[in-house]
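A.B. asks: First residue of the sequence shown? That's -14 in this note's numbering, and the numbers climb one at a time after it.
These are computed hints drawn from the structure, not numbers from a lab. Misleading hints may appear alongside valid ones.
To be verified - Heads up, simulated DSS-like pairs for lysine-lysine below, C-alpha to C-alpha not over 27 Å straight-line:
| hint | residue 1 | residue 2 |
| --- | --- | --- |
| 1 | Lys58 | Lys43 |
| 2 | Lys89 | Lys104 |
| 3 | Lys43 | Lys33 |
| 4 | Lys2 | Lys27 |
| 5 | Lys91 | Lys104 |
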Amino acid sequence: LSTASDGSQAVLVELQKSQVSLSLELARSRLSETQSSERLAKAVSELKELESDNGSLKQLNGILGARVESLEKAAIRLRAALASAAEDRIRDVASLNAEVAQYKTKCDDLHEKARALRK
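Take these sequences, add in the hints, and give me the full structure.
C.D. replies: The following block contains the structure:
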């Protein structure tokens, strides 16, 4: 009877070892699952931050695009104004050159008359 009892105890010890082993395995599995969940939560949080940053960058890109377009239009207007001002100055210079030519002609005529009067 003691042999049967010893055999039962040996089986009981083996069962307890198996139970401890399974408990350890379950604990490891839960720990791994918890760590995976934490990593996943962290990754989700980082993804949300990136999505927020992406939204901000898209908004900033839109603002910058509008400003670039505005600057391009201003540059076109400025070029047109400069071209118009340059044309005005060219006309002014041509007009002044014509006046100078008239005065030169008058001066030449007066010099001729003065020479004629001296003779």
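A.B. asks: Determine for every hint whether it applies to the structure shown.
C.D. replies: Hints, one by one, checked against the model:
1. Lys58 / Lys43: 23 Å, holds
2. Lys89 / Lys104: 23 Å, holds
3. Lys43 / Lys33: 15 Å, holds
4. Lys2 / Lys27: Roughly 37 Å between the alpha carbons, so the hint for Lys2 and Lys27 is violated.
5. Lys91 / Lys104: Distance of about 20 Å is within 27 Å: holds.
Consistency with the previously given hints fails for number 4 only.
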